[in-house]
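Participant: Make the full structure from the sequences, and use the hints.
Listed here are the chains, written in short residue letters.
Protein chains: 4
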Amino acid sequence: MTIDGCPAGLPLAIQEIQQALDLRIPQESDVVSARREPDVVEIFSGVFQNHTTGAPITLQIRNKGAKPSDYEQMRDVVRPGHADYPAKMKYGGFSDYRGGGRLSGRMTAAFVAAGSIAIKLLSQSGVEVLAYTFSIGGLRLATLPSPVAVRKMTFANSMRCPDEEVAEKMRDIVLNAKQEGDSVGGIVECTVLNLPVGVGEPLFDALDAELAKILFGVPAVKGVEFGAGFQSSRMRGSENNDQYVIENDRIVTLTNNSGGVLGGMSNGMPLVLRVAFKPPSSIARDQKTVNLSKMEETTLGVKGRHDPCVVPKAVPVVQSMVAIAIADLMLRGGMIPRVLKS
Amino acid sequence: MTIDGCPAGLPLAIQEIQQALDLRIPQESDVVSARREPDVVEIFSGVFQNHTTGAPITLQIRNKGAKPSDYEQMRDVVRPGHADYPAKMKYGGFSDYRGGGRLSGRMTAAFVAAGSIAIKLLSQSGVEVLAYTFSIGGLRLATLPSPVAVRKMTFANSMRCPDEEVAEKMRDIVLNAKQEGDSVGGIVECTVLNLPVGVGEPLFDALDAELAKILFGVPAVKGVEFGAGFQSSRMRGSENNDQYVIENDRIVTLTNNSGGVLGGMSNGMPLVLRVAFKPPSSIARDQKTVNLSKMEETTLGVKGRHDPCVVPKAVPVVQSMVAIAIADLMLRGGMIPRVLKS
Amino acid sequence: MTIDGCPAGLPLAIQEIQQALDLRIPQESDVVSARREPDVVEIFSGVFQNHTTGAPITLQIRNKGAKPSDYEQMRDVVRPGHADYPAKMKYGGFSDYRGGGRLSGRMTAAFVAAGSIAIKLLSQSGVEVLAYTFSIGGLRLATLPSPVAVRKMTFANSMRCPDEEVAEKMRDIVLNAKQEGDSVGGIVECTVLNLPVGVGEPLFDALDAELAKILFGVPAVKGVEFGAGFQSSRMRGSENNDQYVIENDRIVTLTNNSGGVLGGMSNGMPLVLRVAFKPPSSIARDQKTVNLSKMEETTLGVKGRHDPCVVPKAVPVVQSMVAIAIADLMLRGGMIPRVLKS
Amino acid sequence: MTIDGCPAGLPLAIQEIQQALDLRIPQESDVVSARREPDVVEIFSGVFQNHTTGAPITLQIRNKGAKPSDYEQMRDVVRPGHADYPAKMKYGGFSDYRGGGRLSGRMTAAFVAAGSIAIKLLSQSGVEVLAYTFSIGGLRLATLPSPVAVRKMTFANSMRCPDEEVAEKMRDIVLNAKQEGDSVGGIVECTVLNLPVGVGEPLFDALDAELAKILFGVPAVKGVEFGAGFQSSRMRGSENNDQYVIENDRIVTLTNNSGGVLGGMSNGMPLVLRVAFKPPSSIARDQKTVNLSKMEETTLGVKGRHDPCVVPKAVPVVQSMVAIAIADLMLRGGMIPRVLKS
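Protein chains in written order, with the working numbering: chain A, 1 to 342; chain B, 1 to 342; chain C, 1 to 342; chain D, 1 to 342.
Take the hints with a grain of salt, since some may be wrong.
Since the list gives no way to pick out one identical chain from another, each pair is judged satisfied if it fits inside one copy or across any two copies.
Unchecked claim - With a straight-line cut-off of 25 Å between C-alpha atoms, the simulated SDA-like cross-links for lysine to any residue are:
| # | residue 1 | residue 2 |
| --- | --- | --- |
| 1 | K169 | A149 |
| 2 | K288 | D249 |
| 3 | K152 | P337 |
| 4 | K120 | P270 |
| 5 | K120 | P337 |
Everything labelled a hint here was simulated from the structure, so no lab data went into it. As the structure is a prediction and not an experimental result, all values here were calculated from the model.
Facilitator: Next up, the structure:
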């Protein structure tokens, strides 16, 4: 993986990237699929004497622990909900049917590694990106959690949820689904604090547009919304408009239904977005499908251990993607210098 | 406006573009803002002898009927919910405060003109894009409407809703809000039929990613979802997975919770997406805001006639944006030839 | 034409663009083709109260004086040296055979209009772009002209050459060719002064690479070189290397064989490049060609008045293209702010 | 290194890439710098069962044999003719001064590996790219060599020159310079056969523009020209225009001064371009330079063994770059299918 455009002079140690990777997968083995070998990152270029050089940063995470033999059943039989079928059609049967490729969840390790650099870069400008589990299987946080709670609690439980009690119940929902050979979906929420006003290039490289684009690149995402989002479609203007007031000599809004983005630009309020994840497609239960080479119907229950819920693993991924998109837009908008002072 | 990349040989008359523009704004003057002069399109390049030449197509729609004086109040006082505030901050006070610029709804005329060409181009490959009002102010269609109903009814009423009865009620909701000096939001749904399998380039130029990006470029959009969308976050995998069966020698799915997109590629089922629009920000009611030059709080009620609901006008805009993004991806994927046979 | 990415706050009056257009074509009617109506520019967006707003700048120059009937002979018979033949093949016979399109020299009016804005923008950072005729028909300047001479003399003669005596001889060469129903080629040289060190993004968006790319977009260009250029292929390293010394506390080089670019980045010395223009293809003399519809050989002498040499007109075009590419790279490299202080 | 956009179904064995790498550096140790360990390529993605899958192809060539200690002298003292100085200024002193980075000639190994895939891809469409040494130190080929000679002779001698006798003399020139602690420049010529008509997207992604851009990304390139190139600036139109005739029912031109490109598109004649390389900057002779940290003048003779002439090594690099740019444009223009039939 190569990251181009990172300014020179950012202090960066490989341990920081490694730490982000280590946090990626919850320790509790009952809510995630069997642990493979840990992801170990190497840096090949772009970092010298613990600072970025301005040259492209090349990272490598070797894909250990993949067992190609697990995937032999996938040569001809397409898995419902997976990309197998369109991939086979698009690439004329030449696509690698063994999984682990760029359509697999494994890619998210790379996203998190790249994201850790973007997060570090943004932190130099005081910008903080906080993601956490908002809902699982319909059970959701009652209110917007405080930044303090998010910082302290999110990675303290296997659900990546800043409310301990809700996390407990989410865990039950996940384990329940797992026991029944099934899976559940959920929502990741992400807040960005201290974003300067004016990040985003209207019309087509708008802040919300760029964020949505990169987030739909994450496997299993089915929806993205900002602020009141879909709820705003049920609101009146008088209720949805965020009125401006002056507070401590700063212009702020009384509500934040916009989620911090207006006309494709940040407005100085916290950016708030939500990302809907579908339940993982790989489930033990038998499902109808088709054997492509025989062109006949069959059934398939996906063997092996699989994630009953992708949301906890998705929290650092959303955080990373949001950080990457914002760092790009701030660089492009001249809001981050090309050389950082030490 | 310049459209680059359109293949040569597409039959195209200026009347077709004009017709799309004429359909853009409902005739009924009570649900939309006061009619300006009609939009009249001119073609400056790229079309010769009623066929595209392969060169960029330059269109122009002169902005008639704008009255800059209406906007004098906006020089210092920012309108809640509008892009005024971030635009002023981002562009250091140099932005044109009179409205009508690229952050205004006027841009959507250009989107519709460009979209009419993309729609025509896609039709040569049998691809059909159908958009319609799905909900207004929380009142929604009960079921996915049939393509026949959409084709016949959508533009037959001022709400652009394929169900006549629901349209009547939506109209009441809109007029109600208007009477109270307020506005309402809603959702546009869009279906794409006969899309070939494999449209979209994973990971980052995925079908859903490109569509989301272009749709968030439309003013007032706050959310985008595909298929079951946010609802899938509350579902089990066994319920959400679309199982494959064979029907008339074709592989189809029993359900369409994916909305026709898997792994960032079309899967041959109808593409289904929904776009949430917030209620228009310009309302007659007084709202708190700030005078930037005096840096003091004030109130603002936006004068003049304004749209009480943007959704009916947004239907052809969504249709256009979806067509543009799909035409781009199909061209890029080699699925549309660079020269069309006559 | 739309120019995106220009910072907000650049003072800009339409007269400045118009003036650049007026200077584009030498007044002397004997060395250039018959004067059409003068190019008149209009601004549609991006400028407000004589400053750029940060929004895209849309300019229009109506194409007056084109007489489509002149081009009827070109429907089937391709002109040697012109793009007619590949255009017809590429666009399946749908291309507009009447000329005046994007493959014609007319496009350079747009380049000059856009360039005048880039030149103004660069001047705010002290960067100056000076282009002039270096050679015509093999007759060349003996030495690198001084900036003072270039500023004073270049646009004072019809050859756009900073040496009056050489200009006189060049003029004879051009008129000579014209009398014989023929045309001549030449070279434009361009120097950029006060360029900061480090403009250009290696490897692939390097300073020289971006300049070469944009310059080969100009009709009739057949070669681009920097500094000693092709001559350096005949040199020894000891002779070609520019040795560093300190002069008035600044690091400078004793020679400038690099032309101010090393490793794709500016090195602080004057940027020097040369662009080779072929002789205009449209000549009165009969030449062998083919009638495509009859698929038979024929001859063609291009009627009407044509430029016997494109070089004088190309001087402001090269200047414009160089300014555009450099402004882009400086913006991208964070060397020009997004909002200019007034 | 990652290569995106290669169609699925291209037969590709790692040995083919390795073979291209092995041919990159002449065996004769007297005309090139000391042999490091041979470059060994690994494939990490995008190839499965000896065919491309349509996914990005990731290759890796480990940088063996670099000795960072050689470069300690370069921490403060900039080498004349190298990118050291602008790199240090641009990246604020954070750039990696040890060489071997993306500004070094080592990058060309990656170009050749990527190019071998593009060459293979083009060969499926019958397109052949032939590069060879045209001149060294001013000594040049007298005529355009025949394709047969190029195929047979170019890689049979250490100069990569298709004329054995000229190659002998070039070799003397190189060894002569070497003995004197000096270096020489030269020119690589490249011909592309069987290119279809219409490759290239005017205006700004024109065939010549894209080729020039990618070629100026190669270290030490100072000029690029097509067909008659700079020579055309000294010609008359009647002489330079390539007249069309019919030969065996095909339209061909009597001369090829255009070098196969007109209006930014291929015209069906052989593409001919030349690339000027400056003499290598690293020479044993002492040269004036500056110690940046002390800000004082000094002298530097670059120690170790260095290439006295880069041209022989540049031949496969030019061939690769040309193949990459053309493959990109053909893919983009719909001239190469996205899935190759087996």
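Participant: Against which earlier hints does the structure fall short, listed by number upward?
Facilitator: Result: hint 3 breaks, nothing else.
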